[in-house]
Amino acid sequence: GNQEFIAFGISNIFCGCFSSFLAGTALSRTAVQESTGGKTQIAGLLSAVIVMIAILIVGKLLEPLQKAVLGAIVIANLKGMFWQTFDVPVLWKQNKVDCLIWVVTWIASILLGLDLGLLAGVCFELLTVVLRTQFPFSAALGNVPNTDIYKNMKKYKNLVEPSGVRIFKFSSPLFFGSMDYFKEKVNGAVGFNPVRVFTKRAKALKKIQALIKKGQLRATKDGIVTDGSVSNEAFEDDEEALEEPEQDVPTKEVEIQVDWNT
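Position one of the sequence shown corresponds to residue 1 (full-length UniProt numbering), numbered consecutively onward.
Keep in mind that the hints were calculated from the coordinates and are not lab data.
Values in this document were obtained by computation on a predicted structure and should not be read as measured data.
Please note: incorrect hints may appear among the correct ones.
Stated by the list, open to error - Lysine-lysine pairs mimicking DSSO-like chemistry, simulated, CA-CA at most 27 Å apart:
1. K154 <-> K93
2. K183 <-> K169
3. K79 <-> K93
4. K96 <-> K183
5. K183 <-> K155
6. K183 <-> K200
7. K185 <-> K203
8. K96 <-> K185
9. K96 <-> K79
10. K93 <-> K155
11. K169 <-> K151
12. K207 <-> K185
13. K96 <-> K157
14. K183 <-> K157
15. K169 <-> K96
16. K200 <-> K185
17. K96 <-> K60
18. K203 <-> K183
19. K183 <-> K151
20. K154 <-> K200
21. K169 <-> K185
22. K213 <-> K169
23. K93 <-> K185
24. K154 <-> K185
25. K214 <-> K200
26. K185 <-> K206
27. K200 <-> K213
28. K157 <-> K169
29. K67 <-> K79
30. K214 <-> K203
31. K96 <-> K155
32. K203 <-> K151
33. K93 <-> K151
34. K157 <-> K185
35. K203 <-> K213
Said to hold, decoys possible - Quick list of the computed label-pair ranges, beta carbon to beta carbon:
36. T133 <-> L65: 47 to 53 Å
37. K67 <-> I42: 29 to 35 Å
38. L118 <-> I50: 22 to 28 Å
39. G44 <-> D180: 20 to 26 Å
40. L65 <-> S19: 38 to 44 Å
Note that the Cβ used here is the ideal one computed from N, Cα and C, for glycine as well.
Model the full assembly from the supplied sequences, consistent with the hints where possible.
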């Protein structure tokens, strides 16, 4: 008895630090209290009084009963929880990840017992949090005509994309774990790699400046004039240059707006 009180006390200390639900009773008693409509601590107090009366007075009458009979009483009280398995299709439509957490915890609790089952559920939930953080939802958004609503371009039809603007949604904080994934999805939404474009532009500008110094090109108000000795091959990228890792380039010309409230 003292060991359980110490375990509950330590667990509730940590629960209070992380805004979690406090643990204080068995799962079967919790199910009974929920099925009877108990909402406050008064229900727990009445339950404790009834249990005390049962132990002191009725306990001797129930002593000859077999454990199977007592187990049947518990299962009858848990009937409502077993009926919740039919809610899986509804949960799957609402949120697939939360539904998987529910199913994994339920199966693990049946096969491994309540303690190991809850531990398996918590571990699986932490795994989903890590995966959702590193591979979050992202999509290019389009405007629903005549509204201020924006939806996923891949899921909805007849959406209007603003001219010259690409709206990109990324449902996760940016940090080192999701940086590469964010860059990949942005490049896919835009349709090209802006870093590679700016790199080619910077190389072309350097070549133009070098040719102007040599006198092969001449800058005028109407543009750049060549003397005919410069071919387009001078501006083609080398294969070795394309294989080099991408370097940081100035992106002042790119207009980016971030809505931190979404």
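Check each numbered hint against the structure and report the violated ones by number, ascending. Hints 12, 17, 20, 22, 26, 32, 39 contradicted; others consistent.
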